[in-house]
Amino acid sequence: MSSYPLLSLAIWIPIVAGLLVLATGADRNAPLARWLSLVGAAIGFLVTIPLWTGFDSGSAAMQFVELAPWIVRFNVNYHLGVDGISMLFVLLNSFITVIVVLAGWEVIKDKVAQYNAAFLIMSGLMNGIFTALDGVLFYTFFEASLIPLYIIIGVWGGPNRVYAAFKFFLYTLAGSLLFLVALIYLYVHSGGSFSILEWQQLPIPLASQTWLFLAFLVAFAVKVPMWPVHTWLPDAHVEAPTGGSIVLAAIALKLGAYGFLRFSLPIAPDASHELSGFVIALALIAVVYIGFVALVQSDMKKLVAYSSIAHMGFVILGFFMFSAIGVEGALVQMVSHGFVSGAMFFCIGVMYDRVHSRQIADYGGVVNTMPKFAALFMLFSMANSGLPATSGFVGEFMVILGAVKFNFWVAFAVATSMIIGAAYNLWMYKRVVFGAVANHHVAELTDINKREFLILALLAAGTLWMGLYPQPFTEVMHASVNELLHHVANSKIQ
Amino acid sequence: MLWLVPAFPLLGFLLLAAAGRRMGQRAVAAVGTGSVGLSALAAWWAAIDFMASPGHAAWLQALWTWMDVGGFRVTASLYLDPLAVVMMLVVASVGFLIHLYSTEFMAGDEGYGRYFAYLNLFVAAMLTLVLAGDLLLLFLGWEGVGLCSYLLIGFWYRDPANGRAARQAFIVTRAGDTGLLLGLLLLFATLGTSDIQALLAAAAGQWPIGSPLAAAAAALLLLGALGKSAQLPLHTWLPDAMAGPTPVSALIHAATMVTAGVYLLDRLHPLLILAPAVQAAVALIGAVTLVLAGISALFQHDIKRVLAYSTISQIGYMFLALGVGGWVAAIFHFMTHAFFKALLFLAAGAVIHALDGEHDIDRMGGLRRQLPLAFWSFVVGGASLAALPLVTAGFFSKDLILWQAWSTARPGLWTAGWIGALLTSLYMGRLVFRVFFGPATTPARRPFGWAMGLPLVVLGILSVVGGYVETPPFFGDVRLLSSFLGAVFPAAAEAPSGAGSELALGLLAAVAAIGGIAAAWELFRRRQRLAAAEGLLQAGWAPNWGFDFLYDRLLVLPYYFLAAVGRGDIVDAAYAALADLTRYCHRLLSRTQTGRVRWYAAGVAAGAVLFVGLGVWL
Chain A
1 MSSYPLLSLA
11 IWIPIVAGLL
21 VLATGADRNA
31 PLARWLSLVG
41 AAIGFLVTIP
51 LWTGFDSGSA
61 AMQFVELAPW
71 IVRFNVNYHL
81 GVDGISMLFV
91 LLNSFITVIV
101 VLAGWEVIKD
111 KVAQYNAAFL
121 IMSGLMNGIF
131 TALDGVLFYT
141 FFEASLIPLY
151 IIIGVWGGPN
161 RVYAAFKFFL
171 YTLAGSLLFL
181 VALIYLYVHS
191 GGSFSILEWQ
201 QLPIPLASQT
211 WLFLAFLVAF
221 AVKVPMWPVH
231 TWLPDAHVEA
241 PTGGSIVLAA
251 IALKLGAYGF
261 LRFSLPIAPD
271 ASHELSGFVI
281 ALALIAVVYI
291 GFVALVQSDM
301 KKLVAYSSIA
311 HMGFVILGFF
321 MFSAIGVEGA
331 LVQMVSHGFV
341 SGAMFFCIGV
351 MYDRVHSRQI
361 ADYGGVVNTM
371 PKFAALFMLF
381 SMANSGLPAT
391 SGFVGEFMVI
401 LGAVKFNFWV
411 AFAVATSMII
421 GAAYNLWMYK
431 RVVFGAVANH
441 HVAELTDINK
451 REFLILALLA
461 AGTLWMGLYP
471 QPFTEVMHAS
481 VNELLHHVAN
491 SKIQ
Chain B
1 MLWLVPAFPL
11 LGFLLLAAAG
21 RRMGQRAVAA
31 VGTGSVGLSA
41 LAAWWAAIDF
51 MASPGHAAWL
61 QALWTWMDVG
71 GFRVTASLYL
81 DPLAVVMMLV
91 VASVGFLIHL
101 YSTEFMAGDE
111 GYGRYFAYLN
121 LFVAAMLTLV
131 LAGDLLLLFL
141 GWEGVGLCSY
151 LLIGFWYRDP
161 ANGRAARQAF
171 IVTRAGDTGL
181 LLGLLLLFAT
191 LGTSDIQALL
201 AAAAGQWPIG
211 SPLAAAAAAL
221 LLLGALGKSA
231 QLPLHTWLPD
241 AMAGPTPVSA
251 LIHAATMVTA
261 GVYLLDRLHP
271 LLILAPAVQA
281 AVALIGAVTL
291 VLAGISALFQ
301 HDIKRVLAYS
311 TISQIGYMFL
321 ALGVGGWVAA
331 IFHFMTHAFF
341 KALLFLAAGA
351 VIHALDGEHD
361 IDRMGGLRRQ
371 LPLAFWSFVV
381 GGASLAALPL
391 VTAGFFSKDL
401 ILWQAWSTAR
411 PGLWTAGWIG
421 ALLTSLYMGR
431 LVFRVFFGPA
441 TTPARRPFGW
451 AMGLPLVVLG
461 ILSVVGGYVE
471 TPPFFGDVRL
481 LSSFLGAVFP
491 AAAEAPSGAG
501 SELALGLLAA
511 VAAIGGIAAA
521 WELFRRRQRL
531 AAAEGLLQAG
541 WAPNWGFDFL
551 YDRLLVLPYY
561 FLAAVGRGDI
571 VDAAYAALAD
581 LTRYCHRLLS
591 RTQTGRVRWY
601 AAGVAAGAVL
611 FVGLGVWL
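Protein chains in written order, with the numbering used here: chain A, 1 to 494; chain B, 1 to 618.
To be clear, the hints were calculated from the coordinates, so they are not data collected in a lab. Note that the Cβ used here is the ideal one computed from N, Cα and C, for glycine as well. Don't take each hint at face value.
[Said to hold, decoys possible] From the derived model, a few chain A residues whose C-beta atoms are all more than 12 Å from chain B:
| no. | residue |
| --- | --- |
| 1 | Arg28 |
| 2 | Leu91 |
| 3 | Leu170 |
| 4 | Glu198 |
| 5 | Leu255 |
| 6 | Leu284 |
[Stated by the list, open to error] What follows is a list of derived Cβ distance ranges for each label pair:
| no. | chain 1 | residue 1 | chain 2 | residue 2 | range |
| --- | --- | --- | --- | --- | --- |
| 7 | B | Gln593 | A | Tyr163 | 54 to 60 Å |
| 8 | A | Leu177 | B | Phe611 | 28 to 34 Å |
| 9 | A | Tyr163 | B | Leu618 | 44 to 50 Å |
| 10 | A | Ser491 | B | Val616 | 52 to 58 Å |
| 11 | B | Trp450 | A | Arg451 | 43 to 49 Å |
| 12 | B | Ile419 | A | Ser276 | 54 to 60 Å |
| 13 | B | Asp580 | A | Leu177 | 43 to 49 Å |
| 14 | A | Ala375 | B | Leu63 | 25 to 31 Å |
| 15 | B | Pro54 | A | Trp465 | 38 to 44 Å |
Can you make the complete structure from the sequences, with help from the hints?
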């Protein structure tokens, strides 16, 4: 265990770096802003590495805990800590931040400092969400993280960006308000505590648990997003700049899923069991129905956005079968989806930067002019459709294996969705990449440069590592997942 | 050192993928062919080591722990037993010959490096599939070969038709693969392990014969095998897969990958034994497929499509063998088929190469003198395929299958096999006569060199002598293969009807083979007069028995329809309606804001009257 407040560093280094970047001011200092952002993001990532190397995977307790009083009057504390469930997401988030800064390097020419600062600040806030153990602290980070993303979509987005930003903000805010009510109820019910860990031990009658569960469900389902509250995501993705899409898909969607594990399941275990059938039904609809919707999209970003929703359906399904293999599979799927969907959005961004179109119909024969890009894009398309040896397979496999034990027909339904997954990924890939050169835009394409290659290679390494040797990832989860399941199995009704 | 066998081609792939575009064609050819050559050497080394070891005890080599979650552990491990030895040797050796052939066939193609990279990856995946000791690793190889097949069918990507064929192949096999994955998951979930040997032992221990779980698992695995091995009703992708380069058709779509289904069922044969109903279905599907595909082959005009339907038909024989418990016979036919079908495809490739890409047999003819090596390859390969008695490898393997169908008292299956044999020699005779006899129509422009010639010669020899490892009692009674594989399989259930009836059946098979060729010659001589009749028949059969039509109407069109409905994501319409409603109310209310004081006063007065009225009323 390190004596440094690593979690605080993981939160505040990016935020302070972001403020410094803001201070560089106008665009004539853009190179300075870029380098400062990269250094800030890199240091932010480096300080999270000891979290993994120093992690005691035998223990289910919170580690690297920091505790200080914040608002004494209401017993609100600055309480941080990670367990095997949250630790990987702190790393993933900090890693993706480096990728995002690199991804916008020479693409963003307008308000460079503000752009990078928004991402850095958001990175710190999201680390705060994953590490907060105090309800108010969590809620503060949870709500604050909306603002940078709102700005990113609204300022650097596409032509319809204001509509998308509004839709995004309204959906998530509507969900969060019920969440706030739930927090206040728990504060009162627990006799004046905001500690999430104490809430998890709190006995609650079934009726209250059900209300709490539903409040959490609305808040987190919007974030995940689950069917039928998913419709903000495709619009947000389409309008967001590439970096925004990467963060949205790789990290922001995980916040909702993480909320289920931190709040819904342990605080309202009986209600979770009662309503698991309902949630699983929603997850199945997400996997199957959304797969069909994805198939017919003509906009590449929309297609990948819908495929994200389907993949998150797998995650929710994994959670609500209440088995170790399901939950760990879902967690693996979340990390894997961070690499793969991030890479998919970056690939689309690479093409968009050159042609300024996301329509599949505007492409064709890209392999002729961008062979290196085509090879890497193929890898990620395959990972997105769950080919073995990629990370996409491991998570889906574990979830479906859990599903077979749970109910064969559930497994059957999600397994068939793998055909749809292969269909829409390959169809897009074929129409965009194969064939003769479609038009002069494609003919003038230049292959990826060193910066773009570096980004894709980093993500490819993550995808293959997780696909071939997921052990290091699953090892750290075991104790915490078992503890969680143990917790969920015990009734809290007195 | 067993891991070296798949590792060499994988290394070749990585090298070519990283630096293939900077290498010259010579270097690419050296790396691509050399890596598979080294792999073949390692395979032979391991095989000799294995055969020298007393008792042929299986080797198990654990590589690394792939996953370990919730008490379920997956170890990536290699397993070498006699079955794996036979498969490994065929894949590595034939793979090497086809790589060598490709160095010349693909010369000058702008995708030379890409081609060898894919082909190396394919060999690595196929060897992983064959050597896997764990079912999940087998599945990795299984999907890997599917991916390479997809990439290589669509290799000439400029033509959109090729991309379409590639996608069709991937999705149809993926449909089967989903069944396979579900079957594997069902096995893992109920038996608690993914190690093949432990799993089979557990299945035999826990399930009685005919248990519904075993039947469900076996049926799901069968679905995967049907997709990969292009058997009815999932066979539609293979003829279209001929869009790939011809050596690819030889290696992937004839010799190795498409037989993966046969290998899978053979490897997991104890499960089939536990599920007699599924095993009977395997035999039936094999019998129906071999006859229908044989008839389809008779009416094709594309030289490669004839061979593709022939492949479907021959794999039908292997399924028939599996269905009647002829575990050894299926592998035997796999082996001889790998030799003669690879030979036929490579020879067809030589013809196509010489005619600058001509595929239509109507525009070929009289090539006997211009391309003697291709001609003789076709004669040897075709004779072996048509099972010309005693002098060809195909005769012995097919004879064993027919004998096993008969001896397990299934005359119906035997009859289907016999009709299939007749059809085989008929369509093969038609093909050889049309291409190599008669008047020369298109002149051969490009001769070919040793790199293409040598594999033809080697495979030609193997197509003849490859059968002598296992012969019937009336011809030497050699039992090399079945005694080597005896450690893996239970003895085939043979009725003690003796050598006499086996000889009689062998004679009947010989009649089918020779009769078919003779009939083909007769038809060839009278082809002018028969052309009209053929055209008429073709209208009925050539479109693949209506399967493509059926799938188009039953699956693809409804799919498009559903998709068209889903394009806008109906759910969003509900939210849009909510937004519209809000906007409408807003407009309604804002209309009252007219700024005219009289209206406001009237409103206030009306409201007051209303509320007072309500108060009085209630």
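A quick look at each hint next to the structure:
For arginine 28 of chain A, the non-interface assignment is confirmed: its Cβ lies about 40 Å from the closest Cβ of chain B, beyond the 12 Å cut-off. Every CB of chain B lies more than 12 Å from the CB of leucine 91 of chain A, the least distance being 20 Å, so the non-interface label holds. The beta carbon of leucine 170 of chain A is not kept farther than 12 Å from every beta carbon of chain B, the shortest such distance being approximately 9 Å. No Cβ of chain B approaches the Cβ of glutamate 198 of chain A within 12 Å, the least distance being about 29 Å, so the stated non-interface status holds.
The Cβ of leucine 255 of chain A lies farther than 12 Å from every Cβ of chain B, with a closest approach of about 21 Å, so its non-interface assignment holds. Annotated as non-interface, leucine 284 of chain A keeps its C-beta farther than 12 Å from every C-beta of chain B; the closest such distance is 15 Å. The given range of 54 to 60 Å is broken by glutamine 593 of chain B and tyrosine 163 of chain A, whose C-beta atoms sit roughly 26 Å from each other. At about 33 Å, the CB distance of leucine 177 of chain A to phenylalanine 611 of chain B agrees with the hint of 28 to 34 Å.
A C-beta distance of roughly 47 Å is found between tyrosine 163 of chain A and leucine 618 of chain B, which places it inside the suggested range of 44 to 50 Å. Taken as a hint, the range 52 to 58 Å holds for the pair serine 491 of chain A and valine 616 of chain B, whose Cβ atoms sit roughly 56 Å apart. Distance hint check for tryptophan 450 of chain B and arginine 451 of chain A: the Cβ-Cβ separation is about 47 Å, which falls inside the suggested range of 43 to 49 Å. Taking 54 to 60 Å as the suggested C-beta distance range, the pair isoleucine 419 of chain B and serine 276 of chain A conforms, at roughly 56 Å.
Remark: the range hint 43 to 49 Å for aspartate 580 of chain B to leucine 177 of chain A is contradicted by a beta-carbon distance near 23 Å. Taken as a hint, the range 25 to 31 Å holds for the pair alanine 375 of chain A and leucine 63 of chain B, whose Cβ atoms sit roughly 26 Å apart. At roughly 42 Å, the beta carbons of proline 54 of chain B and tryptophan 465 of chain A sit within the given window of 38 to 44 Å.
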